[in-house]
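Chain by chain, the residues run as shown.
Number of protein chains: 2
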Amino acid sequence: MPREITAFSNPLIKSVRDLRDKRHRREQRRFLAEGLRILTEAREAGRLPVLLFFAAASADHPLVRTLVTEVERAGGDAIETTPDILSKLSGKDNPQAVVGVFDEFETRLNDLDRTAAGIWLVAERLRDPGNMGTILRTGDAVGAGGLILIGDCVDPFSVEAVRASMGALFTIPVVRTEWATFLTWLRTGPGQLVGLSLDTEHDYRGARYAAPTFLLTGNEAQGMPSGYAAGCDLLVKIPMLGKADSLNAAVATAVMAYEVLAQQRD
Amino acid sequence: MPREITAFSNPLIKSVRDLRDKRHRREQRRFLAEGLRILTEAREAGRLPVLLFFAAASADHPLVRTLVTEVERAGGDAIETTPDILSKLSGKDNPQAVVGVFDEFETRLNDLDRTAAGIWLVAERLRDPGNMGTILRTGDAVGAGGLILIGDCVDPFSVEAVRASMGALFTIPVVRTEWATFLTWLRTGPGQLVGLSLDTEHDYRGARYAAPTFLLTGNEAQGMPSGYAAGCDLLVKIPMLGKADSLNAAVATAVMAYEVLAQQRD
Numbered sequence: 001m002p003r004e005i006t007a008f009s010n011p012l013i014k015s016v017r018d019l020r021d022k023r024h025r026r027e028q029r030r031f032l033a034e035g036l037r038i039l040t041e042a043r044e045a046g047r048l049p050v051l052l053f054f055a056a057a058s059a060d061h062p063l064v065r066t067l068v069t070e071v072e073r074a075g076g077d078a079i080e081t082t083p084d085i086l087s088k089l090s091g092k093d094n095p096q097a098v099v100g101v102f103d104e105f106e107t108r109l110n111d112l113d114r115t116a117a118g119i120w121l122v123a124e125r126l127r128d129p130g131n132m133g134t135i136l137r138t139g140d141a142v143g144a145g146g147l148i149l150i151g152d153c154v155d156p157f158s159v160e161a162v163r164a165s166m167g168a169l170f171t172i173p174v175v176r177t178e179w180a181t182f183l184t185w186l187r188t189g190p191g192q193l194v195g196l197s198l199d200t201e202h203d204y205r206g207a208r209y210a211a212p213t214f215l216l217t218g219n220e221a222q223g224m225p226s227g228y229a230a231g232c233d234l235l236v237k238i239p240m241l242g243k244a245d246s247l248n249a250a251v252a253t254a255v256m257a258y259e260v261l262a263q264q265r266d
Numbered sequence: 001m002p003r004e005i006t007a008f009s010n011p012l013i014k015s016v017r018d019l020r021d022k023r024h025r026r027e028q029r030r031f032l033a034e035g036l037r038i039l040t041e042a043r044e045a046g047r048l049p050v051l052l053f054f055a056a057a058s059a060d061h062p063l064v065r066t067l068v069t070e071v072e073r074a075g076g077d078a079i080e081t082t083p084d085i086l087s088k089l090s091g092k093d094n095p096q097a098v099v100g101v102f103d104e105f106e107t108r109l110n111d112l113d114r115t116a117a118g119i120w121l122v123a124e125r126l127r128d129p130g131n132m133g134t135i136l137r138t139g140d141a142v143g144a145g146g147l148i149l150i151g152d153c154v155d156p157f158s159v160e161a162v163r164a165s166m167g168a169l170f171t172i173p174v175v176r177t178e179w180a181t182f183l184t185w186l187r188t189g190p191g192q193l194v195g196l197s198l199d200t201e202h203d204y205r206g207a208r209y210a211a212p213t214f215l216l217t218g219n220e221a222q223g224m225p226s227g228y229a230a231g232c233d234l235l236v237k238i239p240m241l242g243k244a245d246s247l248n249a250a251v252a253t254a255v256m257a258y259e260v261l262a263q264q265r266d
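In order, the protein sequences belong to chains U and A.
Per the working numbering, the very first residue in the first sequence carries number 1; after that it's consecutive.
Per the working numbering, the very first residue in the second sequence carries number 1; after that it's consecutive.
The shape of chain U in the complex, shown without the other chains:
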């Protein structure tokens, strides 16, 4: 049976609300995900929250009931609370029906089976949580094997990244590593490392991408360091016909990933 919390002062409420902050996520090794759609994606991917908050008004929704049942069966805690407290937890005036607290999970490079997918996404020093989530969402759509994060990237477990991923955080393996470690791992097996760059004459449509292709996207403001470019098997550029000299990082990743997908499906 779900228990009830109706007091803002409850210490559990404070500790959950703290998960909006990176430092607290690191300490608790937990993160927040909001909304019935995303929590249902998570459940279907085999990830259940350790804490599930919902309001009385949504308690009878069949997907909420399924979540409550499965969370409790897995030893988690399903907690009925007030709309005000849900607002406080989600930081939004109009909270979605449910908020889940998940244990952080991690995938290591050596856990990846590179032959399982034709496309792998690699991002270095990605700074924007919206871009992080959107790249995960695109990765899911193109059937990418995972997202490999290089260097000092924004936290993929931040509330904004989880939201923008629309649940893909739960379906796509995410690895956090460093450039040298990644490159060493990459060279122990098959795989073509393709970097997006402005300093090349190779149009992205003219190149050929063999599976598995690892697509490297650099930092939003600076692109990738020249040393990284030197480590790539191929640099390609996306044509820019206007005044601006670059695309949004998530957009550039998606344009590339769909070109690779189209070639590999042919």
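Just to be clear, a hint being listed does not mean it is correct.
You can't tell identical chains apart in this list, so a pair holds if it fits in one copy or across any two.
The calculated DSSO-like cross-link candidates involving lysine-lysine, where the alpha carbons are at most 30 Å apart (straight line), are [said to hold, decoys possible]:
hint : residue 1 : residue 2
1    : 92        : 22
2    : 14        : 92
3    : 243       : 22
4    : 14        : 237
5    : 92        : 243
6    : 22        : 237
Just so you know, the hints here were simulated from the structure itself, not pulled from any lab data.
Note that the coordinates shown come from a computational prediction; the quantities given were computed from them, not determined experimentally.
Put chain A on the given structure of chain U with help from the hints.
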């Protein structure tokens, strides 16, 4: 000569700060743009702010000096102010060097020359300002003739949209209109209306796009209404191989737009 404002209580500062709010933008018919890069893009596109705020520390930057000279030559006001006030105007702790206040501008459907570009972007009920700006930025990159907004879209002059556009708001015409008006205008001349949809068997890579192609992207959560789909010449879908059933709206628009561009360049 630039004048100086150092008091938070100055009524001009309040009226500029108010421009972060949609209601005040509508009343004043002005909007904010921040950052030397975006303001320089605007200047190069022939758009100068009526008010330009900068801090003493950046007064000697050559691009700031050019902006000050041109703003004053055009009858605008260049105002030196404190870092604190710049923070207040930009809503950020670490404000970029300059903040500009621009008169709103508008393009009407009948001002567009549809034969001037092979690609036109059309978005209906776009709700997210980041998506709005990113679609403008992509539009610039693919050489789109303009962005046509249908129905109740987020304000393209919001601070977040201007920022995400990276200056493309100043280089790409934006038209705000209604569906019936748009469709009537469209049918008075050449142009293929292509809608992104989940309810079609046509893969976007298999279709052929003749110039001018008008690419219609629907609302982030709901896609386009079925009546709009019926008005399209062609519906296409982007393959979704994962768990999710849709892409981010700006990503989907970009994947489509680059496919059209690739075909039209061949």
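Hint by hint, where does the structure go against what was stated? Just the numbers, ascending. As far as the earlier hints go, 4 and 6 are violated by this structure, in ascending order.
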